[in-house]
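K.L.:
Protein chains in written order, with this note's numbering: chain A, 1191 to 1332; chain B, 1191 to 1332; chain C, 1191 to 1332; chain D, 1191 to 1332.
These aren't lab readings, by the way, just hints derived from the structure by calculation.
Predicted, not measured: the structure shown is a model, and the values here were computed from it.
Positions of the beta carbon are idealized from the N, C-alpha and C atoms, including for glycine.
Derived DEER-like restraints, expressed as beta-carbon distance ranges:
1) K1198/D x E1258/B: 46 to 52 Å
2) G1238/B x G1215/C: 40 to 46 Å
3) K1245/D x E1258/A: 34 to 40 Å
Number of protein chains: 4
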Amino acid sequence: MSKVAISKRHVFPMRVYYEDTDAGGVVFYANYLNFAERARSELLRSIGTDNRKLKDQHGILFAVSGCEVKYKKPARLDDMLEVHTVLTNVGAAKLTAAQTVKRDGEDLVLMDVDLACLNEAGRPARLPALLREALMAASNCH
Amino acid sequence: MSKVAISKRHVFPMRVYYEDTDAGGVVFYANYLNFAERARSELLRSIGTDNRKLKDQHGILFAVSGCEVKYKKPARLDDMLEVHTVLTNVGAAKLTAAQTVKRDGEDLVLMDVDLACLNEAGRPARLPALLREALMAASNCH
Amino acid sequence: MSKVAISKRHVFPMRVYYEDTDAGGVVFYANYLNFAERARSELLRSIGTDNRKLKDQHGILFAVSGCEVKYKKPARLDDMLEVHTVLTNVGAAKLTAAQTVKRDGEDLVLMDVDLACLNEAGRPARLPALLREALMAASNCH
Amino acid sequence: MSKVAISKRHVFPMRVYYEDTDAGGVVFYANYLNFAERARSELLRSIGTDNRKLKDQHGILFAVSGCEVKYKKPARLDDMLEVHTVLTNVGAAKLTAAQTVKRDGEDLVLMDVDLACLNEAGRPARLPALLREALMAASNCH
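Isolated chain A, as found in the complex:
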């Protein structure tokens, strides 16, 4: 079979605990951004690096420069969720991730997250070449 685009997708499973919920009985809206950050950290780990190595070895970190979130259905206490992450753009000093929080295959929250690679002074920094290659390979953008 040929030419079928296979979406490269990182899947992070996670559980909802009391700390994630609020008095409305559902997950507090800001906390989905926590979940998305955990998933991006695990995506980094899946390609052989992590936030601490990026800082210690390269003096860089990824900072969120913007995000757009659509809340479709609420997650609740004890729910088992998945955060699906697709890298939709890997630039010289920027990344974009499309992230979806799902429960039983259903989309709950959709996020588009823009990330900037920064050096320790907080200035834009180019992605190290090997990291960029690994991110490209893990992405849908070639």
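Please build the complex by placing chains B, C and D on the supplied structure of chain A, with the hints as guidance.
P.N.:
Frame of chain A; chains B, C and D shown alone:
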């Protein structure tokens, strides 16, 4: 002086504490959404109601249905911030708020937040008439 | 088999993410209580129940009535931790758990947590018999 | 006026927001430790310093080495609370604070918090003399 549109703006002052920061030395990106929610709660209080009264007296709550966030500069430990909130749309069952986190007059984070009024079953509900009038009066939309 | 006491111990593995850390570069002290709550929730799941079932089927929940915490060493970003939980007392309407956050076998944080079983009115409630039996079986107290 | 000991007590007023609550409808147990930390930060500010100055000017920070918490009554959404802080011991490199979360004069949560003064390497450090004097003056221990 006449006809000058005065932007009706709710200002919520707040301090950054350790709990708000992360190992990058700045406020964690999700936590600005906490700050925005605090400010919206205080805006409600400023017009004579609060989340608990809305629930107990009217059986409604405001749920965020979407938000768009631009992170321009980071806030840091011990910073004194202001969250400025302008209601840019007050519909029959929806609100939109433009919220800006500022430090010393400078914009740090810009948020556009869409809110839906929901009943206890989580279904869209019309804003009670008096609440809608009060929100209109507190907004820039007439 | 003879009188060797086998400590029944529930082990919950977890990762430290940015949200857990603070500007001091370590996990914020309150967040270890989040980790402990996650571990207690998983202990419940390991004996066939969960917080939601307890609420929906029995109208009860566990509330922390007290805790004592010793912080020995800090956890850091990207650390892989384990929360070890031993039920040291299972009463008619109360539980006590000894919980330890470990990294590579080393104790970082020690917690003794007292829990009360409450009904929906927030009053003390007896543990349902089957739940109590399952907790006794999962504990060191016979 | 005569020798009546006046308890020196720092009072920090604060509001409960959605982020502080959980699906049980009350403030999540770990979050009272956030409130206590905010109050300790404001106590520092009340004597002319803050966490950032301590770090930048003296290379020190306060880390919690232990705490004991009694939960008597739950706080709820929109509650106005006060955190009362009394320094019960000011040592060469250690502090102890008794902190109480109150609502309308009633005790909700009682905390005894042990703090260690640490240098940037995470080792115990003596309190700078002027800071120690100011803390002594703000405490009940002379």
